[in-house]
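Participant: Given chain A's structure and the hints, the job is docking chain B onto it.
Protein chains: 2
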Amino acid sequence: MPPKPIQAYYPEILNQCYGCGQENTHGHQIKSYWENDKAIGRFTPEPYHTAIPGFVYGGLIASLIDCHGTGTACAAAYQAEGRAMDTAPPLRFVTASLTVDYFKPTPIGVELVFVGQVEILKKSKVIVVVEVTAEGVLCAKGRVVAVPMPASMAPE
Amino acid sequence: MPPKPIQAYYPEILNQCYGCGQENTHGHQIKSYWENDKAIGRFTPEPYHTAIPGFVYGGLIASLIDCHGTGTACAAAYQAEGRAMDTAPPLRFVTASLTVDYFKPTPIGVELVFVGQVEILKKSKVIVVVEVTAEGVLCAKGRVVAVPMPASMAPE
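Residue numbers (our numbering), protein chains in the order written: chain A, 432 to 587; chain B, 432 to 587.
No lab work stands behind these hints, which were simulated from the structure alone. A portion of the hints provided could be inaccurate.
Chain copies aren't distinguished; within one or between two, either way the pair holds.
As the list claims (entries may be wrong) - In the DMTMM-like style, the derived pairs of lysine to aspartate or glutamate whose C-alpha atoms are separated by at most 25 Å in a straight line are:
1) Lys535 with Glu587
2) Lys535 with Glu443
3) Lys556 with Asp532
4) Lys469 with Glu562
5) Lys572 with Glu550
6) Lys435 with Glu587
7) Lys572 with Glu562
Since this is a predicted model, take the numbers as computed values, not measurements.
So that you can see chain A by itself, here it is in the shape it has in the complex (with noise of 0.2 Å):
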């Protein structure tokens, strides 16, 4: 069977996300996958997906990198919690804040390699450093700080 990314676990009514919810047609429908510790994602985007003509646009990169950040922050959190991610209650992370510094244009055209990594985790916050490469150049590097999904935004 094929790796499930961690976005499938998420419950179908949190799986709307514009930028990772596997259930928005409309979406980037990015995926992560945990893999020893940290969580891998790749993404192709799409021609129009453009900045300056070559170069992918930023505000794309600063999508892969929050949706993959709370992705990596919730496979990190079950695992922190000793369980598997089909197990109950569900952990649903967003983002508090996001800083992404661009180091190089990022190519068009090629995959982009994203790698997260748990730099503090705790119960009310957990801080995710996530890396973008393409063809193995470092092109953005990435900080989310993810929190549990407040009460407030839970669907009726």
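Facilitator: The following block gives chain B in isolation, referenced to the frame of chain A:
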């Protein structure tokens, strides 16, 4: 004549951005208007631009801040040079670093207003702060370090 957004002054070949390129028919076509030393923009997210249902996707908010930040930098740089935005040589900024703090879940279905103001303006970089409000409530605040487009990014 209706006011022209800052992005409408970008040269056509540099106006392909997925976030704010007026020539990118797939993109968000974010528009920023320069008014008395600050830039103002408005955007109503589509129903599918969701995060958790009912709230706007944070990656879209990051995109609004990103493009509005570089647009603000552009308009401010022309002003600092004492010339109009339709004069040569054209100025075009890209993002070196982006930070977004999300203060409140941003409701979907209403118009977002974003206001960009210059914090620091130098030849080599412009730092812009952008506030995003929904129905008058501050939902997110971002900081964009914008730099002149490097020669290495110039289309052939």
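Participant: Taking the hints in turn, state whether each one holds.
Facilitator: To see whether the hints hold, each was checked on the structure:
no.: 1; hint: Lys535 with Glu587; in the structure: between (43 Å within a copy, 18 Å between copies)
no.: 2; hint: Lys535 with Glu443; in the structure: between (36 Å within a copy, 23 Å between copies)
no.: 3; hint: Lys556 with Asp532; in the structure: both (21 Å within a copy, 14 Å between copies)
no.: 4; hint: Lys469 with Glu562; in the structure: within (11 Å within a copy, 33 Å between copies)
no.: 5; hint: Lys572 with Glu550; in the structure: both (13 Å within a copy, 24 Å between copies)
no.: 6; hint: Lys435 with Glu587; in the structure: neither (27 Å within a copy, 42 Å between copies)
no.: 7; hint: Lys572 with Glu562; in the structure: both (4 Å within a copy, 23 Å between copies)
Comparing the model with each numbered hint stated earlier shows that hint 6 is the single one that does not hold.
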